[in-house]
Structures are given as C-alpha cells and as structure tokens.
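> Residue numbers (my numbering), protein chains in the order written: chain A, 4 to 339; chain B, 28 to 274.
Keep in mind that the hints were calculated from the coordinates and are not lab data. It should be emphasised that the depicted structure is a prediction, and the values quoted were computed from it without experimental measurement. Hints are supplied without guarantee of correctness; some may be wrong.
[To be verified] To spell it out: a stretch of chain A is covered by chain B in this simulated footprint if at least three of its residues, at any positions, have a beta carbon under 8 Å from a beta carbon of chain B; those stretches are:
| # | region |
| --- | --- |
| 1 | 126-137 |
| 2 | 155-167 |
| 3 | 222-235 |
[As the list claims (entries may be wrong)] Here are some of the chain B residues that sit facing chain A, going by a computed Cβ distance under 8 Å:
| # | residue |
| --- | --- |
| 4 | 51 |
| 5 | 111 |
| 6 | 136 |
| 7 | 159 |
| 8 | 165 |
| 9 | 214 |
| 10 | 216 |
| 11 | 260 |
[What the hints assert, rightly or not] Listed next, with one range per pair, are the computed distances between beta-carbon atoms:
| # | chain 1 | residue 1 | chain 2 | residue 2 | range |
| --- | --- | --- | --- | --- | --- |
| 12 | B | 244 | A | 41 | 56 to 64 Å |
| 13 | B | 174 | A | 59 | 28 to 36 Å |
| 14 | B | 43 | A | 310 | 36 to 44 Å |
| 15 | B | 244 | A | 59 | 30 to 38 Å |
| 16 | A | 160 | B | 132 | 19 to 27 Å |
| 17 | B | 195 | A | 339 | 26 to 34 Å |
| 18 | A | 60 | B | 135 | 57 to 65 Å |
| 19 | B | 172 | A | 338 | 42 to 50 Å |
No residue lacks a Cβ here, since even glycine has one placed at the ideal position from N, Cα and C.
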Amino acid sequence: MRSTKRPPSLFSVSRRRFLGALIAPIAFGACRSRPYRAADFTVPERSAVCLSPAADYGVDFADVIGRALGELGVDLRGRRVLLKPNLVEYDDGSATNTHPAVVAGAAEAILRAGAAEVVVGEGPGHRRDMEYLLTGSGLDHYLRDIGVRFVDLNLADVRRVPLRSRFTTLPDLWLPVDVLRADVVVSMPKLKTHHWAGLTGSMKNLFGIVPGAVYGWPKNVLHTHGIENSILDLNATVRSHVTIVDGVIGMEGDGPIMGRPRPVGFVAVGIDPAAVDATCARLIGLDPFRMPYLVAASRFLGNIDMRQVDQRGEPISRYRTRFDLIERLNGLRLQS
Amino acid sequence: MSEGGNAFLERCQPQGALLADDPQQPANLAFNGLAALLALSRPDVLSRARTSGLLSAIAGLRGIVLPQAREFRQDNSLTGWPWIDGTFSWVEPTSWCLLALKKMKTSGVPVTGAIESRIVEGERLLIDRACAAGGWNFGNSVVLGQDLRPYVSTTAIALLALQDRLREPVTARSLAYLQGQALRQTSGMSLALSLICFRVFRLDSDALQQRLAEHWRDRQFLGNLHVTAMAHYALNHAQHKTSAFTL
Numbered sequence: 004m005r006s007t008k009r010p011p012s013l014f015s016v017s018r019r020r021f022l023g024a025l026i027a028p029i030a031f032g033a034c035r036s037r038p039y040r041a042a043d044f045t046v047p048e049r050s051a052v053c054l055s056p057a058a059d060y061g062v063d064f065a066d067v068i069g070r071a072l073g074e075l076g077v078d079l080r081g082r083r084v085l086l087k088p089n090l091v092e093y094d095d096g097s098a099t100n101t102h103p104a105v106v107a108g109a110a111e112a113i114l115r116a117g118a119a120e121v122v123v124g125e126g127p128g129h130r131r132d133m134e135y136l137l138t139g140s141g142l143d144h145y146l147r148d149i150g151v152r153f154v155d156l157n158l159a160d161v162r163r164v165p166l167r168s169r170f171t172t173l174p175d176l177w178l179p180v181d182v183l184r185a186d187v188v189v190s191m192p193k194l195k196t197h198h199w200a201g202l203t204g205s206m207k208n209l210f211g212i213v214p215g216a217v218y219g220w221p222k223n224v225l226h227t228h229g230i231e232n233s234i235l236d237l238n239a240t241v242r243s244h245v246t247i248v249d250g251v252i253g254m255e256g257d258g259p260i261m262g263r264p265r266p267v268g269f270v271a272v273g274i275d276p277a278a279v280d281a282t283c284a285r286l287i288g289l290d291p292f293r294m295p296y297l298v299a300a301s302r303f304l305g306n307i308d309m310r311q312v313d314q315r316g317e318p319i320s321r322y323r324t325r326f327d328l329i330e331r332l333n334g335l336r337l338q339s
Numbered sequence: 028m029s030e031g032g033n034a035f036l037e038r039c040q041p042q043g044a045l046l047a048d049d050p051q052q053p054a055n056l057a058f059n060g061l062a063a064l065l066a067l068s069r070p071d072v073l074s075r076a077r078t079s080g081l082l083s084a085i086a087g088l089r090g091i092v093l094p095q096a097r098e099f100r101q102d103n104s105l106t107g108w109p110w111i112d113g114t115f116s117w118v119e120p121t122s123w124c125l126l127a128l129k130k131m132k133t134s135g136v137p138v139t140g141a142i143e144s145r146i147v148e149g150e151r152l153l154i155d156r157a158c159a160a161g162g163w164n165f166g167n168s169v170v171l172g173q174d175l176r177p178y179v180s181t182t183a184i185a186l187l188a189l190q191d192r193l194r195e196p197v198t199a200r201s202l203a204y205l206q207g208q209a210l211r212q213t214s215g216m217s218l219a220l221s222l223i224c225f226r227v228f229r230l231d232s233d234a235l236q237q238r239l240a241e242h243w244r245d246r247q248f249l250g251n252l253h254v255t256a257m258a259h260y261a262l263n264h265a266q267h268k269t270s271a272f273t274l
C-alpha cells in the first residue's frame, strides 16, 4: 500500500468542524474530476429492496430470507458465498452486532438455494480477540450447529488489489483472498446509527474486510484517508452482491457501539447496496441526500432516489421511525 | 523459540530495518516490537546487527500528529507508535515498541538520548489514553463524551510496557481492573496475555494458569497461531521465567 498524498477527508475535517463538513454538499475535494472511470461502473436503472417482518430473533430466518431472495430472483446455485456480518464488540443486552440467528438463517437459506459453499467472514475493527467475540456473541455456537465455517478476515491470507476508484488516493489495498475468491459477497449489516458516517449500512460494513493484520486495529488508514472516501473506494472495488440487514433490533443514539437498542422488526434484502442503505436511512429518519457517501455512490454505484427503488414485501411505512441521533448528526435528519 | 520460528524471522522481508511478511506490505509495528523483544531475549534469533537495526528503526518511527479535537479526550500531540507508518498512535503497537526499547536499555545495549525521549513520550501516551476506571481499549478512552470500555487483552499488553511504573496511579488502577477481570475471560488471547502479565507483576497466577490450560484443552483457541504461541509461552513459565517480557 503506497499513498502519496492524503485527500481532503471528512474524517480529518471532522477534527475541526466535523458537523459542518458532514452536512455540507459533498466535499470530496479530490474529485473535481471524477476519481473513477465512469465506463467501469453501471448504475442499475432500477433497484429492488424487500422488507420482511421479523418481530424478534425467534423467527425462522432461513424461511424469511429464503423467500426474500426468491422475491428478488437471486440465483445462488453452485456459487461460493461469503457472508459478512457486522461483528464489532460484545456486551450483554446491547444491539451492536448482526444477530447470530440472522447470520445462521441466511447461511441456511443460501445453502437451500443451492450454493456450493457458504463461509462467514468478518474482521472486527477494534478487537482482534476473535474468540472472545465469537463466543460472547454466540455466533460460534450457531455456526457449529449448521456446520458453517468462520474465517477471521483480520488474519486471512491477503492479496494486493488495485482500487477501482480513488476517493482516498490510495492506489491499492491488501484484501483477504477469501473475499476475493467468493462468487457472491453478502453484506449483513446491523441497522445502526454511526457517529461519523450517519449509518452503519451495507456499504460501511465492508470496512470489516480490510485486514487488521496488515493495517492494524483500528484500521486507521481508512480513517486518515476519510471514512466516506474509504467506503466509496471499498465498494467500488469489492462488490457486495446481496445485502441482508438485521433490522429486528437496531441501535439508535451513539452508534455503532455505545448506542441504545431500538426494536424495529424487519429484515431488509436487496441487490444494490446503495439502494438498501438509502432505504434503511429513510426508515430511521435520515435523509440519504444529506449523506455524502450515499450521494457520491448514487453517481456511479447504485440508486438512492426512491423513484428508482422498487419496494417489495412490506411497505416502508410499516417500519418508518425516527432513531434518536447524537446532536452532530441532526443535520442528516429527513425533513418530513 | 523453535527452529521454525527462527527461520521465519530470518525469512521476513526487510523494509529498511523493519520486518514484514511481504516486501510490498506495510510493516506492522506491533509485530516488529514483539520481534525485537524476542531477539533481545534470544540472541540466536536474529544477528546482533539486525536486532540493533530493528530497534533503531522502531525508535525512529512515530505516529502522525492530528489536530486536537474536542470529540476525543486524549492529547493528540503525544506520539507513540502506529500500527503502520503514516497513521495515528495506538495502544498495542505503542506498548510492544515501548517495551522493546525499555528491554534494550536493561539488556545493556547502548541507548541514545533520542531513544530515552521516545520511552518517556510513549509512557505519557499510554497514561493519557487509559480508560477512566483503568485499563485500555484500542486507544481511545473517550469519544464524543462517552467513556469507552477497556479490553482485557490490550490492558495486559499496556501493563507489560508500564511494569516499571508501579507508582503511577494508572498502572495501579489498570492492574486492579485486570485482576478483577482475568478469570472471567472466555478467550485464549485474554487469558494468555493476562497470565503473562500476572507473571511479570508477580501476582498469584495459579488459578489463571489452570483456567488457560483447561481452555486450551477444550477449545485450542480456534486454531489462532499467535494466541497459541502466547498461551504456550505463558504456560511454560518454568522454562523461561517469562524473561522475554520482563524488564
């Protein structure tokens, strides 16, 4: 990884005037000319997001997710699939992580849909004690029950990958081979606020594929080059083919770790990560058009305008709510 | 250290005097601090010249300085060691590199004034980054007005680096935190690092030793080689008296 110049980043700006920068029009100063080749990317004409009810973690998630994948016409036959949950920190009673019942349910649904292999992989950004996270969260127990392997992406074998956009100005990142060789990457975020990015969605969830053994804990290279810039470069380079959001119990307030649990009661499934993030943002009372990474993503990665997003399953109005936000994120509020 | 371990360190690609798995990858400073500690306690691991070069390279590297920010409580002007060059200083690489430089002093290797000042600043950084109730997490104690929680594994590592600062209130608070938490841990990494720390601070470690041995028997630490190495080092105290981590 070589970096010649650090870009104007929202993160470094934040240390002086974070809020002002966050709610300002996109300030990716490095991208007066586009930091990607437009010909390399296609924004789909339309994107579909399916919302399914899940009142608690006792529901049959294999069934719920299987039906949503069918509704979206996702073909997983013969594919090697990597599930990337959000596993950050464990604390009794918190809603920090993608619940293991949702992860296991997704694995079962995907195997039933004919996938050749399902692996669960995550590389937490603060903790390198994976055994603690797996046992504390209960994920190891769930995965053992269904015979699915877990890969610690912080320690996995890596390969240097040129980045397909240059919002960060980094030319490349070392990324886990397990992610690169998967036919299908499934991003499985928890529905949470994020005190810097606004939302911990499908796109931000890809921070967990960056290996700590190369970049450290936290993965500070992503911060020093701008969190939003890094979200864009990662998603331009590694495609999450499917997103499955654990919106059963979300986290409001000071997410992604110190916030409060907030029951919402759904699972969202989609193909276009920007469309899923935009839908989730609206569901919790954030305006995607005020979120710089989503606005930038809408130009080359996916749809965030509701006119281009087909809602399947339950209507969005059924789950619409207003998550508490920390003061600095109030500028992201959806004006009703 | 096994013959395989020696060969691995000799095979590591030099980046200047630092070591990395691959010549293109950024050198990991925590790994280099640990390698220096091993090389100081086992002169057969690396040549004297390479060990000396490694320690000089470690002493010459520091984290970037960020503007002071009200979102974080810490003093951003203090620099310790980053995980990789060009990033901010964090607790774990600072602790391993600081301990390596302190070990260099006690091993009779000549130490310059510049290294002395890095040691002083590294200690100040660790003290500054400690959580309010003692202990350390990855390196932010307060973010946006919220006290963040300490981690057992990081606390054990930082305490090793401050083992000669027993009168420092942060050391006492953190040691109390670790003593309260160690036996409750459910991971090989936390148990192994706690046991090494208990040995170095000469605390009663029988129960922790037993707990770690049982944990190894039951779970094998999910196959994590680094944790396995640390655990076996901790469990085989009788052979080496934990000398690699003791000043």
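> The structure should be examined with respect to each hint, and the outcome stated for every one.
Status of the hints after comparison with the structure:
no. : hint                      : in the structure
1   : 126-137                   : holds (count 8)
2   : 155-167                   : holds (count 4)
3   : 222-235                   : holds (count 4)
4   : 51                        : holds (6 Å)
5   : 111                       : holds (6 Å)
6   : 136                       : violated (27 Å)
7   : 159                       : violated (14 Å)
8   : 165                       : holds (5 Å)
9   : 214                       : holds (4 Å)
10  : 216                       : holds (5 Å)
11  : 260                       : violated (17 Å)
12  : B:244 - A:41: 56 to 64 Å  : holds (58 Å)
13  : B:174 - A:59: 28 to 36 Å  : holds (31 Å)
14  : B:43 - A:310: 36 to 44 Å  : violated (55 Å)
15  : B:244 - A:59: 30 to 38 Å  : holds (37 Å)
16  : A:160 - B:132: 19 to 27 Å : violated (37 Å)
17  : B:195 - A:339: 26 to 34 Å : violated (53 Å)
18  : A:60 - B:135: 57 to 65 Å  : holds (59 Å)
19  : B:172 - A:338: 42 to 50 Å : violated (27 Å)
Taken one by one, the earlier hints fail for this structure at numbers 6, 7, 11, 14, 16, 17 and 19, listed in ascending order.
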